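Engineer: Place chain B on chain A using the hints.
These protein sequence lines are chains A and B, in that order.
Take the first sequence: its position 193, counting from 1, is numbered 193 in UniProt numbering, and each next residue is one higher.
Take the second sequence: its position 169, counting from 1, is numbered 169 in UniProt numbering, and each next residue is one higher.
All clues stand as given, with none of them false.
Copies of the same chain look alike in the list, so a pair counts if it fits in one copy or across any two.
DMTMM-like, lysine to aspartate or glutamate: derived pairs with alpha carbons at most 25 angstroms apart: (1) K244 / E108; (2) K244 / D160; (3) K66 / E213; (4) K244 / D189.
These are calculated hints, taken from the structure and not from any lab test.
In this text the structure is predicted, and so the values were computed from the model without any measurement.
Here's the letter readout for the chains.
2 protein chains.
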Amino acid sequence: MTQQDLQSRKAGHIALVGAGPGARDLLTLRALERIQCADVLLYDRLVDPEIMELASPRAERIYVGKEVGRCAWPQGRIDRLIVAKARLGLRVVRLKSGDPSIFGRACEEIAAARASGIEVEIVPGITAASAAAASICHPLTERGETDTFAVTTGTCRPGDANPDRARLAHPGTSMAFYMAVERAAVVRDDLIGAGAPAECPVEIVASVSTPQERHVSTTLGALAETIAAEGIRNPAILFVRYPKSLARAIRGISAVA
Amino acid sequence: MTQQDLQSRKAGHIALVGAGPGARDLLTLRALERIQCADVLLYDRLVDPEIMELASPRAERIYVGKEVGRCAWPQGRIDRLIVAKARLGLRVVRLKSGDPSIFGRACEEIAAARASGIEVEIVPGITAASAAAASICHPLTERGETDTFAVTTGTCRPGDANPDRARLAHPGTSMAFYMAVERAAVVRDDLIGAGAPAECPVEIVASVSTPQERHVSTTLGALAETIAAEGIRNPAILFVRYPKSLARAIRGISAVA
Numbered sequence: 001m002t003q004q005d006l007q008s009r010k011a012g013h014i015a016l017v018g019a020g021p022g023a024r025d026l027l028t029l030r031a032l033e034r035i036q037c038a039d040v041l042l043y044d045r046l047v048d049p050e051i052m053e054l055a056s057p058r059a060e061r062i063y064v065g066k067e068v069g070r071c072a073w074p075q076g077r078i079d080r081l082i083v084a085k086a087r088l089g090l091r092v093v094r095l096k097s098g099d100p101s102i103f104g105r106a107c108e109e110i111a112a113a114r115a116s117g118i119e120v121e122i123v124p125g126i127t128a129a130s131a132a133a134a135s136i137c138h139p140l141t142e143r144g145e146t147d148t149f150a151v152t153t154g155t156c157r158p159g160d161a162n163p164d165r166a167r168l169a170h171p172g173t174s175m176a177f178y179m180a181v182e183r184a185a186v187v188r189d190d191l192i193g194a195g196a197p198a199e200c201p202v203e204i205v206a207s208v209s210t211p212q213e214r215h216v217s218t219t220l221g222a223l224a225e226t227i228a229a230e231g232i233r234n235p236a237i238l239f240v241r242y243p244k245s246l247a248r249a250i251r252g253i254s255a256v257a
Numbered sequence: 001m002t003q004q005d006l007q008s009r010k011a012g013h014i015a016l017v018g019a020g021p022g023a024r025d026l027l028t029l030r031a032l033e034r035i036q037c038a039d040v041l042l043y044d045r046l047v048d049p050e051i052m053e054l055a056s057p058r059a060e061r062i063y064v065g066k067e068v069g070r071c072a073w074p075q076g077r078i079d080r081l082i083v084a085k086a087r088l089g090l091r092v093v094r095l096k097s098g099d100p101s102i103f104g105r106a107c108e109e110i111a112a113a114r115a116s117g118i119e120v121e122i123v124p125g126i127t128a129a130s131a132a133a134a135s136i137c138h139p140l141t142e143r144g145e146t147d148t149f150a151v152t153t154g155t156c157r158p159g160d161a162n163p164d165r166a167r168l169a170h171p172g173t174s175m176a177f178y179m180a181v182e183r184a185a186v187v188r189d190d191l192i193g194a195g196a197p198a199e200c201p202v203e204i205v206a207s208v209s210t211p212q213e214r215h216v217s218t219t220l221g222a223l224a225e226t227i228a229a230e231g232i233r234n235p236a237i238l239f240v241r242y243p244k245s246l247a248r249a250i251r252g253i254s255a256v257a
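So here's chain A without its partners, still in its complex pose (with noise of 0.2 angstroms):
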């Protein structure tokens, strides 16, 4: 080990780094680079194990997510030990799902580590919806078509008011719900109740980029029936689309009416 390298490891580093979806070869070379070189990795069960097979033998790998019978780690007991672990000198790469930008809690662990004066960074990551538009090969944006793409989700921290569905109802929108399989007769409601049509379609995209992944198309109006119907269970994406060409049939058809 050289000078130079003595003292880079002294100084301690915590990357946040985007796992992607799932299957290894939707990893950036960046995030490969941060995982073969972690002197420590923490990882949760949406982590793919052979992604976690990339890592150095020798790194210490500690699982944060939940056991059988035990809630998850609280997110407080992760941020002091990636700082712990950090001011040890050590390289730790704290292992997200998708994109740590989205949905990732990411905040908590950088505040920690600026709090601490230790360096941090995110290495971004394919995040699911990206990923369920290009195994289905439809964009999540579409000339003409839709011209803004919204990620939202179903279920928030508990006190948490929850999304404003309404504000996404509008012709030429695309939107991916994360975490709300469970939710989906909410967001039907929420949608369908503020002007969305109910022939909007929907993909539903489970387990996206593993083994398991499984495709099912619906449409608003059917979606809570259709994930009953085909026993859809998360990690899933209900990508659905407010066309304005739906817009406009559906403005033509009241007028005739």
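Structural biologist: Just chain B now, kept in the frame of chain A:
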């Protein structure tokens, strides 16, 4: 070359490959593999030269972007060319800056491939908003502050209506505007007109992940002036946040006044 290789070459294949925002190490491993195996690559000025160097020296490289004094290739000409090359049994890679699913005009190319019975796939990429959030270490969603993240555009196809930005002016929303530098005054007016506070924080990230990357922090109210004063040019992401705490603070001030 094995019989199987020959067979798969004979069939031809089109991959719409996300080249990410610029930096070579933000490619996915899958994108790298497709680039290295390509017989023909189509690219434009937004694809970094570093990435083109990854292709085989024997691969044909076709520039389909704008040249000095000339227009970019019309989409129909690109569609015809990728189909013609794939029909020769070649592996065609159409490189797209960022993620092909986000403002990548992928639909036209997918439709052209399918109409000719040619296998087509999308390889997802890191979109500029994700790279920008990682670079400034500020996530796109924040627990308790922003539960919805939207990507939209400042510039539509001539003849298309502009995106209805009013729907985004809600507390709890973060927004990334693409191709919006020259439309910043309109974006500001639309959002403020729909109720977003002028105090909403805005991060401008130009040429993300390249050696020319620049960050400027401003507010929604000062956005257009900041862009003019700093000489910001496309490609740049305007990352506008309307946090829930800002909405509460403003309601508090109104209640007291």
